[in-house]
Amino acid sequence: MAATAWNLKAPRSRTERGVSWVLLLCGLMSIVTTLGIIAVLLGETVAFFEEVSFAQFFADTQWTPLFAQKHFGVWPLVTATLLTTTVAVVTALGLGLLAAIYLSEFAREDVRKVLKPLLEILAGVPTVVYGYFALTFVTPLLQKFILGLAGFNALGPGLVMGMMILPIIASLSEDALYAVPASLREGAYALGASRLSAIFRVILPSAFSGIAAAVILGVSRAVGETMIVAIAAGQQPRFTLDPRVPIETLTAYIVQVSLGDTPTGTLEYRTVFAVGMMLFLMTLVLNILAFRLRQRILKGHGR
Amino acid sequence: MSTQALPGSVPPPRRAHTLREGMGFSGERIFQALCWVAIVVPLFLLGVLVVDIVFDAWPRLSWQFLSSYPSRRPEQAGILAALAGSAVMIVLTALMAIPVGVGAAIYLEEYAPDNRLTRLIELNISNLAGVPSIIYGLLGLELFVRAMQMGRSLLAGSATMALLLLPMVIMASREALRTVPHALREAGFALGADRWQMLRRVVLPSCLPGILTGIILSLARAVGETAPLITIGALTYVAFLPDSLSSPFTVLPIQIFNWVSRPQVEFHRNAAAGIVILLLLMLLLNGAAIWLRVRLQRRYA
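Those protein sequences? They're chains A and B, same order as listed.
Per numbering that gives the first Met the number 0: the first sequence ends with 302, consecutive numbering throughout.
Per numbering that gives the first Met the number 0: the second sequence ends with 300, consecutive numbering throughout.
FYI, nobody ran anything at the bench for these hints, they're computed from the structure.
Errors might be hidden in some of the hints.
To give a feel for the contact side, a few chain A residues facing chain B, derived at Cβ under 10 Å [said to hold, decoys possible]:
{"id": "1", "residue": "Leu22"}
{"id": "2", "residue": "Leu40"}
{"id": "3", "residue": "Pro125"}
{"id": "4", "residue": "Gly130"}
{"id": "5", "residue": "Ile145"}
{"id": "6", "residue": "Leu195"}
{"id": "7", "residue": "Ile198"}
{"id": "8", "residue": "Thr250"}
{"id": "9", "residue": "Phe272"}
{"id": "10", "residue": "Phe290"}
{"id": "11", "residue": "Leu292"}
Below, computed lysine to any residue pairings styled on SDA-like, alpha-carbon distance capped at 25 Å [said to hold, decoys possible]:
{"id": "12", "chain 1": "A", "residue 1": "Lys112", "chain 2": "B", "residue 2": "Asn285"}
{"id": "13", "chain 1": "A", "residue 1": "Lys112", "chain 2": "B", "residue 2": "Leu291"}
{"id": "14", "chain 1": "A", "residue 1": "Lys143", "chain 2": "B", "residue 2": "Gln263"}
{"id": "15", "chain 1": "A", "residue 1": "Lys69", "chain 2": "A", "residue 2": "Phe207"}
{"id": "16", "chain 1": "A", "residue 1": "Lys112", "chain 2": "B", "residue 2": "Leu284"}
{"id": "17", "chain 1": "A", "residue 1": "Lys112", "chain 2": "A", "residue 2": "Leu240"}
{"id": "18", "chain 1": "A", "residue 1": "Lys69", "chain 2": "A", "residue 2": "Tyr268"}
{"id": "19", "chain 1": "A", "residue 1": "Lys112", "chain 2": "B", "residue 2": "Val40"}
{"id": "20", "chain 1": "A", "residue 1": "Lys69", "chain 2": "A", "residue 2": "Ala46"}
{"id": "21", "chain 1": "A", "residue 1": "Lys69", "chain 2": "A", "residue 2": "Glu267"}
{"id": "22", "chain 1": "A", "residue 1": "Lys69", "chain 2": "A", "residue 2": "Gly93"}
{"id": "23", "chain 1": "A", "residue 1": "Lys143", "chain 2": "A", "residue 2": "Val45"}
{"id": "24", "chain 1": "A", "residue 1": "Lys69", "chain 2": "B", "residue 2": "Val47"}
{"id": "25", "chain 1": "A", "residue 1": "Lys69", "chain 2": "A", "residue 2": "Thr85"}
{"id": "26", "chain 1": "A", "residue 1": "Lys143", "chain 2": "A", "residue 2": "Leu240"}
{"id": "27", "chain 1": "A", "residue 1": "Lys143", "chain 2": "B", "residue 2": "Leu284"}
{"id": "28", "chain 1": "A", "residue 1": "Lys143", "chain 2": "B", "residue 2": "Glu27"}
{"id": "29", "chain 1": "A", "residue 1": "Lys143", "chain 2": "B", "residue 2": "Arg28"}
{"id": "30", "chain 1": "A", "residue 1": "Lys112", "chain 2": "B", "residue 2": "Phe43"}
{"id": "31", "chain 1": "A", "residue 1": "Lys112", "chain 2": "B", "residue 2": "Met170"}
{"id": "32", "chain 1": "A", "residue 1": "Lys112", "chain 2": "B", "residue 2": "Val264"}
{"id": "33", "chain 1": "A", "residue 1": "Lys143", "chain 2": "A", "residue 2": "Thr263"}
{"id": "34", "chain 1": "A", "residue 1": "Lys143", "chain 2": "A", "residue 2": "Pro242"}
{"id": "35", "chain 1": "A", "residue 1": "Lys69", "chain 2": "A", "residue 2": "Phe56"}
{"id": "36", "chain 1": "A", "residue 1": "Lys143", "chain 2": "B", "residue 2": "Met170"}
{"id": "37", "chain 1": "A", "residue 1": "Lys112", "chain 2": "B", "residue 2": "Gln263"}
Far from chain A, by Cβ distances over 10 Å, these chain B residues were calculated [stated by the list, open to error]:
{"id": "38", "residue": "Leu65"}
{"id": "39", "residue": "Ile169"}
{"id": "40", "residue": "Leu190"}
Even glycine gets a Cβ: it sits at the ideal position worked out from N, Cα and C.
Please take these sequences and the hints and turn them into a complete structure.
Below you can see the structure in the form of structure tokens.
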């Protein structure tokens, strides 16, 4: 929005006006995409709920739309998603926050410049690679220590997903910590605070919104993550909070149906969009929450 | 992302006056060590991942693997079709995503008035960036595959990918545009250029390295994307090279996914070998981004 500063003259030539219209159209593409997503999900979801009632969707605890005996209770998919997400966030939260504190408070500038991009590599590894790692390395390793851990489970992929979202939490939290004004730190030190109490009493609290936004974005990524859970968590919708047994997340269900040859327009086909709607709404709420929190930091710091 | 400390006044935290003696020197040392461990552990795990995969892949890495089509017999299978599919898809995706993405970025940075529509577009872009990629797959399935009747083709896949990349390209390009000093723009205007002339002759050349770097990095992300392409129905078994835009196709990550999903260990080795190729490809793109940035920075500096 820096452009407004010298928005002094109206467009002079026809080219100028034409260009600004074309560029506006490019900007509107993003809105069109969002409307497209909403229209597609809404259209098929409405068609889905014409055949399946809300009660069947939200009150049943069995999900078997591909079997002869059909049940459309979405809860097994939702609990599975929450389960893998919880494992991932528990893994990533502590480590990510400590890593952020290290980068922002302890690391020398040159060390920080090397470590931060290195850590961000973790977020750039294709998720199908993480899926392979979870299935063929992490789960077999865990099976040596945890009795009753199935080959497909929520724990292994959850841990690996934690590895994936760790740099998101670390990097965004570090931005928030780094953005804490120097005057606050100096104020704390001037009052005789040690480094630790400056971190815990002043810097962390004043970066809180930013850190919360980072964690929420991490959660949102974990909820929408597909390949890790599709490969390593199984394809068995099960209403459970046991991380040792095969389950099926919202995303894994979409993959399962996409791989099969479900004819378009059937009820089975529409379940995918109803599940997709569920997923979209969950991540939307999280993203808006994170966006609001980050807006607040920008305003709060006088920008 | 702002990396410099923000100046400005902030109300002091409420309990600032209660800070006095902390936990002492040793407590600080221990905490610092803990923080250091929190960085090293994930990096160590990344190392384990790479070593594990290269170790699994080693017996399968050969010219035969690169130049063969998939097969029921794991030792004869290869990734030729997937490699070709990935390459063509990336080029098509770039052709679609770059003009629109850079255009939108220029609009938002240079033209957009500060009004509701602009704020809506900005909010929308940051939301889109957070939409799970599989949702884009559902959009592509209904919009490109069905409504526009492209079928499960290379074109439909690339178009879906382009929509997915759009927010990333826009954000990276805006970041690059912001690095151009205001003085340069004012100098352009002072010479009598109108806005588009000024942008084309002054601003865009000087931030081209930044824009290109951002674009290549987004494309590297796209090479590794799997879920949206599975959703639009890219095939998992393709024994031919794509010969037109409407040709069915597969890409590297889907081929890898297909091999991982099989129970036999021999196919897992193929998956590992495929992953090595995929990671090399991404490394190559990232390297190209860095090389380009250094080279162009020198020329325009």
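Here's how the hints hold up against the structure:
Nearest Cβ of chain B to the Cβ of leucine 22 (chain A): about 4 Å, under the 10 Å cut. The hint holds. The beta carbon of leucine 40 (chain A) is positioned within 10 Å of a beta carbon in chain B (closest approach about 7 Å), and the interface hint is therefore held. Interface hint status for proline 125 (chain A): upheld, as the beta-carbon distance to the closest one in chain B is roughly 3 Å, under 10 Å. About 6 Å separates the beta-carbon of glycine 130 (chain A) from the nearest beta-carbon of chain B, less than 10 Å, and the hint is met.
Because the closest C-beta pair between isoleucine 145 (chain A) and chain B is about 18 Å apart, greater than 10 Å, the hint is violated. With 10 Å as the threshold, the beta carbon of leucine 195 (chain A) comes within range of chain B, its nearest partner Cβ sitting at about 5 Å, so the hint holds. Evaluation of the isoleucine 198 (chain A) hint against chain B yields a held restraint, the C-beta minimum of about 8 Å falling below 10 Å. At its closest, the beta carbon of threonine 250 (chain A) sits 5 Å from a beta carbon of chain B; the interface hint therefore holds under the 10 Å criterion.
For phenylalanine 272 (chain A), the interface hint holds, the least distance from its beta-carbon to any beta-carbon of chain B being 6 Å, beneath 10 Å. At about 6 Å, the closest approach between the beta carbon of phenylalanine 290 (chain A) and any beta carbon in chain B falls short of 10 Å, and the interface hint on this residue holds. With a least beta-carbon distance of about 12 Å to chain B, the hint placing leucine 292 (chain A) at the interface is violated under the 10 Å criterion. Of the supplied pair hints, the one linking lysine 112 (chain A) and asparagine 285 (chain B) holds, its CA atoms being roughly 17 Å apart against a limit of 25 Å.
For the given pair, lysine 112 (chain A) sits about 20 Å from leucine 291 (chain B) by alpha-carbon distance, which is consistent with the 25 Å threshold. Straight-line distance between C-alpha atoms of lysine 143 (chain A) and glutamine 263 (chain B) comes to about 21 Å, which keeps the hinted pair within the 25 Å bound. Note on lysine 69 (chain A) and phenylalanine 207 (chain A): the hinted pairing is violated, with a Cα-Cα distance of about 46 Å set against a maximum of 25 Å. Taking the CA atoms of lysine 112 (chain A) and leucine 284 (chain B), the gap is near 21 Å; set against the 25 Å cutoff, the hint holds.
At most 25 Å may separate the alpha-carbon atoms for a hinted pair to count; lysine 112 (chain A) and leucine 240 (chain A) exceed this at roughly 41 Å. For the given pair, lysine 69 (chain A) sits about 14 Å from tyrosine 268 (chain A) by alpha-carbon distance, which is consistent with the 25 Å threshold. For the given pair, lysine 112 (chain A) sits about 18 Å from valine 40 (chain B) by alpha-carbon distance, which is consistent with the 25 Å threshold. Restraint check: the Cα-Cα separation between lysine 69 (chain A) and alanine 46 (chain A) comes to about 17 Å, which is no more than 25 Å; the hinted pair holds.
As the CA atoms of lysine 69 (chain A) and glutamate 267 (chain A) are separated by approximately 10 Å, the hinted pair is consistent with the 25 Å bound. Between lysine 69 (chain A) and glycine 93 (chain A) the alpha-carbon distance is near 42 Å, which puts this suggested pair outside the 25 Å criterion. Proximity of lysine 143 (chain A) to valine 45 (chain A) is assessed by CA-CA distance (about 47 Å); at most 25 Å being required, the pair is judged violated. Of the supplied pair hints, the one linking lysine 69 (chain A) and valine 47 (chain B) is violated, its CA atoms being roughly 43 Å apart against a limit of 25 Å.
A threshold of 25 Å between alpha carbons decides the hint, and for lysine 69 (chain A) with threonine 85 (chain A) the separation of about 29 Å lies outside it, so the pair is violated. A distance of roughly 21 Å separates the Cα atoms of lysine 143 (chain A) and leucine 240 (chain A); the hinted pair therefore holds under the 25 Å criterion. Between lysine 143 (chain A) and leucine 284 (chain B) the alpha-carbon distance is near 38 Å, which puts this suggested pair outside the 25 Å criterion. Proximity of lysine 143 (chain A) to glutamate 27 (chain B) is assessed by CA-CA distance (about 36 Å); at most 25 Å being required, the pair is judged violated.
For the given pair, lysine 143 (chain A) sits about 35 Å from arginine 28 (chain B) by alpha-carbon distance, which is inconsistent with the 25 Å threshold. Restraint check: the Cα-Cα separation between lysine 112 (chain A) and phenylalanine 43 (chain B) comes to about 18 Å, which is no more than 25 Å; the hinted pair holds. For the suggested pair lysine 112 (chain A) and methionine 170 (chain B), the alpha carbons sit about 22 Å apart, so the restraint of at most 25 Å is met. For the hint pairing lysine 112 (chain A) with valine 264 (chain B), the CA-to-CA distance comes to about 40 Å; that exceeds 25 Å, so the pair is violated.
Distance hint between lysine 143 (chain A) and threonine 263 (chain A) is unfulfilled; the C-alpha atoms sit about 44 Å from each other, more than 25 Å. The straight-line distance between the Cα atoms of lysine 143 (chain A) and proline 242 (chain A) is roughly 16 Å, inside the 25 Å bound, and the hint therefore holds. Restraint check for lysine 69 (chain A) and phenylalanine 56 (chain A): satisfied, since their Cα atoms lie roughly 11 Å apart, inside the 25 Å limit. About 45 Å separates the Cα atoms of lysine 143 (chain A) and methionine 170 (chain B), which puts this hinted pair outside 25 Å; it is violated.
Between lysine 112 (chain A) and glutamine 263 (chain B) the CA atoms are separated by roughly 43 Å; this puts the pair beyond 25 Å, and the hint is violated. For leucine 65 (chain B), the shortest C-beta to C-beta distance to chain A comes to about 18 Å, beyond the 10 Å cut-off, and the non-interface label holds. Distance to chain A contradicts isoleucine 169 (chain B) as a non-interface residue, since its nearest Cβ pair spans about 7 Å, not more than 10 Å. Against chain A, the non-interface label of leucine 190 (chain B) holds: every CB pair exceeds 10 Å, the least being about 14 Å.
This entry does not satisfy hints 5, 11, 15, 17, 22, 23, 24, 25, 27, 28, 29, 32, 33, 36, 37, 39, going by the numbered hints stated previously.
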